[in-house]
Amino acid sequence: MNEKVIWDLRIEQVIEKLKKGKRIDGRKLDEYRPLEIKAAFSQNADGSAWVKLGATEVVCGVKFGLGEPYPDSPDEGALSVNAELLPIASPVFEVGPPNEDATELARVVDRGIREAKAIDFKKLCIEEGEKVWIVFIDIYAINDDGNLFDASSIAALTALLNARIPKLEDGEIVKKEYSGKLKLGKLPLLTTFAKISNFILLDPCLAEEKSKEGRFSVATTEDKKITAMQKGEVGAFKLKELENCIDLAFEKSAAVRKTIKESIGED
Amino acid sequence: MNEKVIWDLRIEQVIEKLKKGKRIDGRKLDEYRPLEIKAAFSQNADGSAWVKLGATEVVCGVKFGLGEPYPDSPDEGALSVNAELLPIASPVFEVGPPNEDATELARVVDRGIREAKAIDFKKLCIEEGEKVWIVFIDIYAINDDGNLFDASSIAALTALLNARIPKLEDGEIVKKEYSGKLKLGKLPLLTTFAKISNFILLDPCLAEEKSKEGRFSVATTEDKKITAMQKGEVGAFKLKELENCIDLAFEKSAAVRKTIKESIGED
Amino acid sequence: MNEKVIWDLRIEQVIEKLKKGKRIDGRKLDEYRPLEIKAAFSQNADGSAWVKLGATEVVCGVKFGLGEPYPDSPDEGALSVNAELLPIASPVFEVGPPNEDATELARVVDRGIREAKAIDFKKLCIEEGEKVWIVFIDIYAINDDGNLFDASSIAALTALLNARIPKLEDGEIVKKEYSGKLKLGKLPLLTTFAKISNFILLDPCLAEEKSKEGRFSVATTEDKKITAMQKGEVGAFKLKELENCIDLAFEKSAAVRKTIKESIGED
Amino acid sequence: MLVSKAKRPDGRKADELREIKIEAGVLNRADGSCYLEWGQNKVVVAVYGPREALPKHIQNPNKALVNYIYRMATFSVPERKNPKPGRREIEISKVCGEALESAIFVERFPNTTIDIFVEILDSNAGTRVAALTAAAVALADAGIPMRDLVSAVSVGRANGEIIVDLTKEEEDAEDAVDIPMAIMPNTQEFVLLQMDGIMSKEEWSKAIAMGQKACQQIYKLQREALRKRYLAAEKE
Amino acid sequence: MLVSKAKRPDGRKADELREIKIEAGVLNRADGSCYLEWGQNKVVVAVYGPREALPKHIQNPNKALVNYIYRMATFSVPERKNPKPGRREIEISKVCGEALESAIFVERFPNTTIDIFVEILDSNAGTRVAALTAAAVALADAGIPMRDLVSAVSVGRANGEIIVDLTKEEEDAEDAVDIPMAIMPNTQEFVLLQMDGIMSKEEWSKAIAMGQKACQQIYKLQREALRKRYLAAEKE
Amino acid sequence: MLVSKAKRPDGRKADELREIKIEAGVLNRADGSCYLEWGQNKVVVAVYGPREALPKHIQNPNKALVNYIYRMATFSVPERKNPKPGRREIEISKVCGEALESAIFVERFPNTTIDIFVEILDSNAGTRVAALTAAAVALADAGIPMRDLVSAVSVGRANGEIIVDLTKEEEDAEDAVDIPMAIMPNTQEFVLLQMDGIMSKEEWSKAIAMGQKACQQIYKLQREALRKRYLAAEKE
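Protein chains in written order, with the numbering used here: chain U, 227 to 493; chain H, 227 to 493; chain A, 227 to 493; chain S, 19 to 254; chain D, 19 to 254; chain L, 19 to 254.
Careful, some of the hints might be misleading.
[As the list claims (entries may be wrong)] What the simulated footprint calls covered on chain A by chain S, stretch by stretch (three residues with Cβ under 8 Å from a Cβ of chain S suffice, anywhere in the stretch; the number is not a length):
id: 1; region: 288-294
id: 2; region: 312-323
id: 3; region: 469-478
[Claimed, not checked] Example chain A residues on the side facing chain S (calculated, C-beta under 10 Å, incomplete):
id: 4; residue: Glu238
id: 5; residue: Gln239
id: 6; residue: Gln269
id: 7; residue: Gly273
id: 8; residue: Trp276
id: 9; residue: Ala281
id: 10; residue: Glu283
id: 11; residue: Val285
id: 12; residue: Ala304
id: 13; residue: Asn308
id: 14; residue: Lys401
id: 15; residue: Lys402
id: 16; residue: Leu432
Note that these hints are calculated values from the structure, not bench results. Fair warning: this is a prediction, and the values are worked out from it, not measured in the lab. Ideal placement from N, C-alpha and C gives every residue a C-beta, glycine not left out.
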């Protein structure tokens, strides 16, 4: 109850300030919050990343599993992206299997990576029609202070970039030994915007998310291709607004990509 | 609430009229509502039917799948009948997995077909002990204006009658090609009755269902055999009443069978 | 509501009496309720037992199933212990999959048996790496008048002791024929205590369970080894109390073991 | 009515029931209970209620809800049953609950629920009618007012003969028909009637008549169990 | 804007829609309904509400909840679908419900829910936009006040061409891009926009422009269906 | 008490703990939180409450409910864990919640719930005691009044030696015994005690004594983490 009153005041504040061209935390409209990445934080994961975007925290782990290929792509590995909005991350998140918010998050991150052909699935074939690698990307929200989408996308890309493929012996995984790194063809990243009172804001914080009239995310690659889009939440965007978002995404994701590379010692 | 009041009035009306020997919609006690059948309405289904029985609407699709036979019948295919009471069909139906009403409906339709030996399961064996056809019959209630049992039974039989068995190549299903029609040995149909104030009514509409003190369904074949029975809902039947129902079922299902054959161009 | 009032009075009574060194049902602090065991009561089970401990009743059945061994123990069979707190057993038990209470119960019984190496899993290997016996122990609470833990442990051990291993022919189970008895290396039994007002009571009845400030169970073998422990429920134990419980468990389980042997005609 | 004299696999006559033992009031936590053995079948039933139906929105202001849950123990069948309730158990729970509700004066207990929990501990065909028979006794033991008891039996055909109380072996016959039925023994009205198999109306009528007779025997056993229970209770 | 003249597998032009039939008010139990055929796609939609949201704790005192449930019949796809809703259906339900809510005057109906149930009975690509188009008609049929209708179409690329209304065959092309979109036809604002595939911003802009044009055609068909429905209702 | 001088696989002495780092107050959305590293184990804990328990019918008018949820991330173990919680996680959640409740003044907060959520992000034996240790700190950080902190450690036997703080490698020894324990460090009372393995009472007593000593070290680290947190909070 009091919680509601506080948020109502925050929303008022967000809108008040925006009318004066200012964001509640002092950022410019097209400015990301400070980004910190800890790559490879988990030893049991084959690849991992802990991402802080402002106060928003997301962890991601990559594991390789063995499985059968899909009948219509017998020489290709597979990708499975899952996300959990842990109750740790927010007083409003609940215990239980992924809800529709977590499902949307996982699927949008998945599409960005999959459609960019970031992973060469043919290289993940072990025995055609019989055995392939399945890449599991598991994302956990640890603290939700807004824009879990971009934080998750950054965590997933970083975890993939430091992921090592397990060593096989007689068709079984050898624990703690690796045959090499996973190589990525593209580096797709999601860039997310909120619309509030006809302003378009990059990387909305929680107070801004609660004020928003629509979310728009676009996944782009380093060579300025679009690989996924998602308009979500209640609200409507004008074509001009979408076009501006796409241009900003090309520009802003480049800086994020640089931070990611630094985090894995590739700069 | 208002809904409840309206139904209470309708129930009063049903009983009032019955006492004068009349049904609420003017039908005779042993009269079916108008029946319309659209066979093979869905291209992706291997067999299908859209049934309107008065305002009650049910769709049914048949799909053939590959599976292993049961250990105790290694040379026989299998049958799986499922029903969903879609929330589309009624303001009181809920989203979710089949509840006990849907389960009963599916199992009664299943028994009628299975016990009549309508399907020759031995002909659905592909490789003994290894691979057989599984016949999936999936029933969806689209509009519930009473007697979903008979509408579902009619839809299932019609869908089976226009079902084609997929073509196999190297043990895999070839999409959109068929090896022939499924042939049925018998044409079992369910005929359902409601008991209201000691009257027995064929094909109860929704208002009659809400007034009923017991439901009785009997599946019969064209050669006057009984293949399944189900007394359901709260209420009790006298032996004489049951016997009359069986005789009526033999008679009334014959006309329905004729309409089904017309719908698939076999008359 | 009235239920609650009655239990509150019973709890008062339990504590009142304890202060005078007496238990509500007249037992000594370290005394079990009367124990009755009916071994092999179910013909379809491979082994079974019906246990009455005072008014507490538990049934247990053992079934052998065929399965694949775990990759890290290719020459060993497996054990699966499940427990259901049937709503039959208590007005507060609910329909549905095992809750956390049933899960704890099953796992504590499981650990007692497993860690004692009561079952020689190597003897349950049929074909290394391919096929092994899985021992299913299924426990059902029938009447909960307290201490389901010990009743379940007694039922599980008795059911194992009268369990017969099915006969195999061509790798399949032959119904109603057996190749021999399951032999147990140890006879582990759980002994459970409640702490109430700083008294430690053996085999708490329901009124005592409701009064308790902590439960402690210890699984012991006939050669005075400890094979499992579980402190459960809210409450704290002093080291001295735990040590006394262990000593009592060694002593009291011996008598129970004797009753079990009698029930299977081995005395 | 002619009853065949041919002997059945277990030596019974066509209209002969397996041995049935009924004991009422066997559990102390339930409001009513019954333990029943019917041949190899072993059933425990507990009844709770009428008690407040919760959550409140499921309450019916005009009558008690009757909630019948039929379950089989994993080890009660030849091959271990999955602990998760199957569609068969769900359907049986529904129609058996409806059968019993037909006999209970539910209108006397608005906003309540009468819960009937059944567990099958060993089985050999006919568990649903065994359970229904036991449940009627448990309801009476709980003091739930009923128009009449409910007595149930399965009838049908196996190996060319119309018979009562089929065993698993008979249910597996090539020509088997299984007809579980339950009646209120005083009015002879049917509250449960199902059928699996294919037969003519004439055969069906013959089977039903045998079932009606068998239900009267079962009714006698139910009353006897209740009588014993009342005598024992009086003594206490 | 130049539209390619190359013919597509089914003979359509790049900017040509498949045949679309819309019928409003087809079900008598729902408050509003619509049946739509779009090429091989067949969709039924029912709308209930605004009705009291239950359980009470989900109620929003400031607005109606919009609950959109998109499901595919098991037989509506080439290989039988698992009856359990998949993650794809859950995501589509979420974003399509949000798209429609953007057009509904939800603030007029506090504490209520508007339930929109969609079932796909046959399919060949573009089912989510077909369903959304049908749902907008069903909402209007239910008399739910809206800022504007919602018209939806999928655009994208296949075999090097920017096209509208892709078929399954086109979606399976090596270079396929699928962009489901929905707009409010009067304001041209986007309420749904998704994308699968990889393309440049220029191609995307071209596809979107074709989609905007197509939505105006679809809008016309929606209004026509509603007009027929109102005329029929008036006669009654 | 004699402690063996034999070195363990990772070079530790029998009574030597792995390195432990504790940080309190790491999350801004939770009422209390803690991040803990214990050897390879990595744990995050968030505490919410006391807050109103919902739905209302679960409320206890005499005390706060303590709801402890222990989960492992899929990637925190050598082979990817199924995301669905397993029976192990359910049992651990139950007994660890009961252990903590033994120390909390729950009677001061009727009708509320205190929610404690644990996620294991990397693991190498001893995660339940690591989590319990972190949870006690998170509870203190949330300002929940407690009789005492709770300090936890696992003791046992491997390769013939009685040791504290077993690693996975030690847990896999032929003769391994694992005894997770938690005490209230001031009263030395046990609030958690479990055991896996087979040993004599004498060995058990020796292990427990080592565990009690280790808990005092852990208690020191917990207090230190809380002290830092309070100093930092004061500065703000």
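- Item | Per-residue hint verdict: Glu283 (chain A), partner chain S, C-beta under 10 Å | holds, 7 Å
- Task: Hold the hint about Trp276 (chain A) up to the distance rule: shortest CB distance to chain S must be less than 10 Å.
- Result: holds, 8 Å
- Residue hint Gly273 (chain A), partner chain S, criterion CB-CB below 10 Å: holds, 9 Å
- Message: Just to make sure I understand the rule, a stretch counts as covered if three or more of its residues have a C-beta closer than 8 Å to a C-beta of the chain. Does the region 288-294 of chain A meet that for chain S?
- Response: holds (count 3)
- Message: Is the interface hint satisfied for Ala304 (chain A)? The criterion is a beta-carbon contact with chain S at less than 10 Å.
- Response: violated, 13 Å
- Task: Classify the hint on Val285 (chain A) as holds or violated, based on whether any CB of chain S lies nearer than 10 Å to its CB.
- Result: holds, 6 Å
- Count the residues of the region 312-323 of chain A whose CB lies closer than 8 Å to any CB of chain S, then report whether that count reaches three. Coverage by chain S holds here, the residue count being 8 at a Cβ distance below 8 Å.
- Status of the hint placing Lys401 (chain A) at chain S (closest C-beta pair under 10 Å): Status holds, d = 5 Å.
- Hold the hint about Glu238 (chain A) up to the distance rule: shortest CB distance to chain S must be less than 10 Å. Violated, because the Cβ-Cβ distance from Glu238 (chain A) to chain S comes to roughly 21 Å (cut-off 10 Å).
- Taking the least C-beta to C-beta distance, is Gln239 (chain A) closer than 10 Å to chain S? Gln239 (chain A) check fails; min Cβ-Cβ to chain S is 18 Å, beyond 10 Å.
- Item | chain S contact restraint on Asn308 (chain A) - CB to CB distance below 10 Å | holds, 6 Å
- Hint validity - Gln269 (chain A) Cβ closer than 10 Å to any chain S Cβ: holds, 6 Å
When each numbered hint is compared with the structure, violations occur for hints 3, 4, 5 and 12.
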